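Participant: Each chain, letter by letter, is given below.
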Amino acid sequence: MTASVVVTGLGVVSPNGMGVKDYWAATLGGKHGIGRITRFDPTGYPARLAGQIEDFDAEELLPSRLLPQTDRVTRLALVAADWALADAGADPAHLPEFDMGVITASAAGGFEFGQGELQALWSQGSQYVSAYQSFAWFYAVNSGQISIRNGMKGPSGVVVSEGAGGLDAVAQARRQIRRGTPLIVTGGVDASICPWGWVAQLACGRLTTSDEPDHAYLPFDRDANGYVPGEGGAILIAEDADAARARGVRPYGEVAGYGATIDPRPGSGREPNLAKAIETALADADVNAADIDVVFADGAGDPAGDLAEARAVSTVFGDRGVPVTVPKTMTGRLYSGGAPLDLAAAFLALRDGVIPPTVHIDPCADYPLDLVLGEPRPAELRTALVLARGAGGFNSAMVVRAA
Amino acid sequence: MASKSFTLDDLKRTLREAAGVAEGVDLDGDILDTEFEVIGYESLALLEAGSLIEREYGISLDEEAVGEANTPRSFIEVVNAQLAPAKAA
Amino acid sequence: MSGRRVVITGIEVIAPGGVGRENFWNLLSNGRTATRGITFFDPAPFRSRVAAEADFDPYEHGLTPQEVRRLDRAAQFAVVASRGAVADSGLDIPSLDPHRVGVTVGSAVGATMGLDQEYRVVSDGGRLDTVDHTYAVPHLYDYMVPSSFAAEVAWAVGAEGPSTVVSTGCTSGIDSVGYAVELVREGSADVVIAGSSDAPISPITMACFDAIKATTPRHDEPECASRPFDKTRNGFVLGEGTAFFVLEELDSARKRGAHIYAEIAGYATRSNAYHMTGLRPDGVEMAEAIDLALGEARLNPQSIDYINAHGSGTKQNDRHETAAFKRSLGDHAYRTPVSSIKSMVGHSLGAIGSIEIAASALAMEYDVVPPTANLHTPDPECDLDYVPLVARDQLIDAVLTVGSGFGGFQSAMVLATPERSLV
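Residue numbers (this note's numbering), protein chains in the order written: chain A, 3 to 405; chain H, 1222 to 1310; chain B, 216 to 638.
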């Protein structure tokens, strides 16, 4: 009934490294992927830094048939899915088609594709809008294209809960595996670094205006002043533990627990609910706070968000009660892609017995957190907690355990 | 400008732009009477190709005829049928 | 927790021609249509110029001027309908643990209307590549990322449990409710306010469906433009709207003496892995979803009293699902009334699945099968009983409702009276 669900494959597309190997080496080495935007001229905008993926050649990695109909975000997701399946040693052509599904998170769909078509519509006329606009921009596009490319006829799904969505998708994948589908491709990728996407992101009012890549996105720092957005994420292969064992693969680890809440309406006077999400995830995993060896924090990068998260972590774990890290200081915040990438980092940390560092920050002493700073910290790791929050008050927490 | 007609080369160029080329398909082979399905183009690709042609040549294609054109030859005929009156006009 | 059963105890609908549950049901049971020539913008440049628009005044439904300014039309629908569903259920949410109350909102295209509008402003009518942020409204980010809909609904009803937007194209409205059912069954929530909302009637949506010729160009008689299963059908009519539900665990609903519309007895979704917009005529994947939903409901195909079809009115869809019904229900498909309410309220993309669940639950409530309007000349390839033109009185204890969406998604849900005997 509550089958154990494991992750057997990772596909990483990150500003600081493409593929698991490069990403993990960069992350342990403290190498970041934040820089001035090159995709368009950001001079006139108040925020100019982003975590961009610079070395991605879609034409080399995907059939040309898919290119005219896909936004950059879908190309990244398709490639990440290919890599994750290869990493899991799973060849979809040789697995029963109804035994595989695709459940991803998205925050903004194919926003750049949408900009092109909106521009065609308003500057030239409705007959200039592409046939592909009917799906290339929408939130479900990555799940649909991954299922078609890989012949996966099991349950598909798409969740949108901004930065928390990546964990919600993996939790939904776990549900579908428990309902009987042995393998689900899950995780999430976002990429909206185009002028229209940039202006929409600026409107949220939480982007840093810093021009110094190593002093811009500073979660838990006294100088925290907003975040650097990025593009990318990770696709994970989640499987029924027995099915994975039958295939003879060694999983990275188990998706052991999950909890989600939403904060009350701002100004209601009620308490925020991240701690509640953490407690639910721990209970679901049947572990105590003391069993958690490391926390991958959400790291909002603004004083209010950082304070709320620091309070939630210290409420559950006590002051400086658990090592905390924010490897996304090296990538920027990737929206739906951020938490799946943190899950990948958590599984790799469990595998290698090392906690990746948080870079660039000088921690504010007001937050009672044991942050892993600058250098990776070797540790005996068995269980990790990944936190993810989304604009609007979404809180998700996931416990993962070594296999 | 010399009188223009729509050729197989025009169609191939348009298909490449509208929908790329399927793996294992040689568009430069003998495809004039090969069904679109066989060379990897389904209705969506042909709709996109049709609308690129309409914009480039400033014509409006007969929807039903486009829908029924299942080979490059018949598709080219549909386009040329519209190009002729457009030139005359 | 596996024994937990989930029931609908509150419903609210905003649909074209039917703002409010009663008005919606009147429209359906009288077989009236709400499709008309587009009034939201000048439709002259478009191939398809008809739509099913809702006459919705947000102020009449209690939204403040600030909310009206901030919220995209689809979010306005969702806030109003979620409150309406809670009121209908009689549930006192403040008396519950708010962490045990979740929210799921389905939407295919999110805040498309707001995005289309604001893009024109910041791009100076499409002239600027590097669009101008100084003209952007502060809530533009909420339009970009439609999880804002789930946050707005949670705030409106006071929920603090698991909350998200489910966006699986045109099956979002079934999948959002299906997601919610799983939350209650597994014990992550005791109550979920679930539904879906879309308000896609804007130039960019009309243009993209024009480009694939999916919408009907029948503008001479807009009130008869949506013609599912009719031989003369030639595309769907774009609609808008929302439906929301209060979903509760059966025992606690009974304990508090709630009115129970129906149990959501079974749900499944499958993918065709075939095409982003096309459907294979054989309906295999939809049949698979139907079989699984029936199995979960522990019902025989023969128990289905009414099929609420996707019935979009495209050539391909209506044939595809007719094949799927026959594949799953066998001979019983020929004996079961099948109807498409899209003939009356159009196709509101991600919202319609929830609106169709509402229609299914109300059909059970009143023992009336809503008809398929505009069905005068049946397509020989669609040879089931599609309840043409006039509603039919009939006892209904179990309904199958289905949906198909871009991305290749196929979903099926079974609603049944909780008192039924289980096989």
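By construction, these hints were calculated from the structure, which means they are not laboratory data.
Values in this document were obtained by computation on a predicted structure and should not be read as measured data.
Ideal Cβ placement from N, Cα and C applies to all residues, glycine included.
Among the hints, erroneous ones may be present.
Listing some non-contacts, in silico: residues in chain A with all C-beta distances to chain B over 12 Å [said to hold, decoys possible]: (1) 32; (2) 64; (3) 66; (4) 96; (5) 133; (6) 165; (7) 167; (8) 212; (9) 224; (10) 252; (11) 266; (12) 286; (13) 322; (14) 377; (15) 404.
Derived pair list, reagent style SDA-like, types lysine to any residue, alpha-carbon separation capped at 20 Å [stated by the list, open to error]: (16) H:1233 with A:91; (17) A:23 with A:91; (18) B:530 with H:1229; (19) B:530 with H:1298; (20) B:446 with H:1263; (21) B:530 with H:1284; (22) H:1233 with A:65; (23) H:1233 with A:23; (24) H:1225 with A:273; (25) H:1225 with A:91; (26) B:530 with H:1267; (27) B:530 with H:1276; (28) B:530 with H:1246; (29) B:530 with H:1285; (30) B:530 with H:1288; (31) B:530 with H:1283; (32) B:446 with H:1267; (33) B:530 with H:1289; (34) H:1233 with A:70.
Pairwise CB distance ranges, derived in the manner of DEER restraints [stated by the list, open to error]: (35) B:582 with H:1276: 21 to 27 Å; (36) A:98 with B:490: 51 to 57 Å; (37) A:244 with B:310: 51 to 57 Å; (38) H:1281 with A:65: 30 to 36 Å; (39) A:250 with B:260: 57 to 63 Å; (40) A:33 with B:281: 54 to 60 Å.
Participant: For every hint, state whether the structure bears it out.
Facilitator: Cross-check of the supplied hints:
1. 32: At roughly 30 Å from the nearest Cβ of chain B, residue 32 of chain A sits farther out than 12 Å, so the non-interface label holds.
2. 64: holds, 15 Å
3. 66: Its Cβ never comes within 12 Å of chain B, the nearest being 17 Å, so this holds.
4. 96: It holds; residue 96 of chain A is separated from chain B by about 15 Å at its closest Cβ, greater than 12 Å.
5. 133: violated, 4 Å
6. 165: violated, 9 Å
7. 167: Answer for residue 167 of chain A: violated, closest chain B Cβ roughly 7 Å.
8. 212: The assertion about residue 212 of chain A holds, with a minimum of 17 Å to chain B.
9. 224: Non-interface label on residue 224 of chain A holds, nearest chain B Cβ at 26 Å vs cutoff 12 Å.
10. 252: holds, 28 Å
11. 266: Given a closest Cβ separation of 6 Å, the condition is violated.
12. 286: Contrary to the label, residue 286 of chain A does not stay out of reach of chain B, its closest Cβ about 9 Å off (not over 12 Å).
13. 322: holds, 27 Å
14. 377: holds, 35 Å
15. 404: holds, 25 Å
16. H:1233 with A:91: violated, 38 Å
17. A:23 with A:91: OK: residue 23 of chain A and residue 91 of chain A at ~16 Å, within 20 Å.
18. B:530 with H:1229: violated, 30 Å
19. B:530 with H:1298: violated, 25 Å
20. B:446 with H:1263: Violated, at about 24 Å.
21. B:530 with H:1284: Since the Cα atoms of residue 530 of chain B and residue 1284 of chain H sit roughly 15 Å apart, the hinted pair holds (cutoff 20 Å).
22. H:1233 with A:65: holds, 17 Å
23. H:1233 with A:23: violated, 40 Å
24. H:1225 with A:273: violated, 72 Å
25. H:1225 with A:91: Not satisfied, since the Cα-Cα distance of roughly 54 Å exceeds 20 Å.
26. B:530 with H:1267: holds, 18 Å
27. B:530 with H:1276: violated, 27 Å
28. B:530 with H:1246: violated, 30 Å
29. B:530 with H:1285: The hint holds at about 13 Å.
30. B:530 with H:1288: Holds. Residue 530 of chain B to residue 1288 of chain H sits at ~13 Å (cutoff 20 Å).
31. B:530 with H:1283: Within the cut-off at roughly 18 Å; holds.
32. B:446 with H:1267: Judged against 20 Å, a Cα distance of about 25 Å means the pair is violated.
33. B:530 with H:1289: Distance ~14 Å between residue 530 of chain B and residue 1289 of chain H Cα, so the pair holds.
34. H:1233 with A:70: Cα-Cα ~15 Å, so holds.
35. B:582 with H:1276: 21 to 27 Å: Violated - the Cβ-Cβ distance for residue 582 of chain B and residue 1276 of chain H, about 54 Å, lies outside 21 to 27 Å.
36. A:98 with B:490: 51 to 57 Å: With a Cβ separation near 20 Å, residue 98 of chain A and residue 490 of chain B fall outside 51 to 57 Å, so the hint is violated.
37. A:244 with B:310: 51 to 57 Å: Given a distance of about 43 Å, which is not inside 51 to 57 Å, the answer is violated.
38. H:1281 with A:65: 30 to 36 Å: Roughly 32 Å apart at Cβ, these two residues keep to the hinted range, so it holds.
39. A:250 with B:260: 57 to 63 Å: Given range 57 to 63 Å: holds, Cβ gap about 59 Å.
40. A:33 with B:281: 54 to 60 Å: 45 Å Cβ-Cβ, so the 54 to 60 Å window is violated.
Hint compliance for this structure: hints 5, 6, 7, 11, 12, 16, 18, 19, 20, 23, 24, 25, 27, 28, 32, 35, 36, 37, 40 are not met, and every other hint is.
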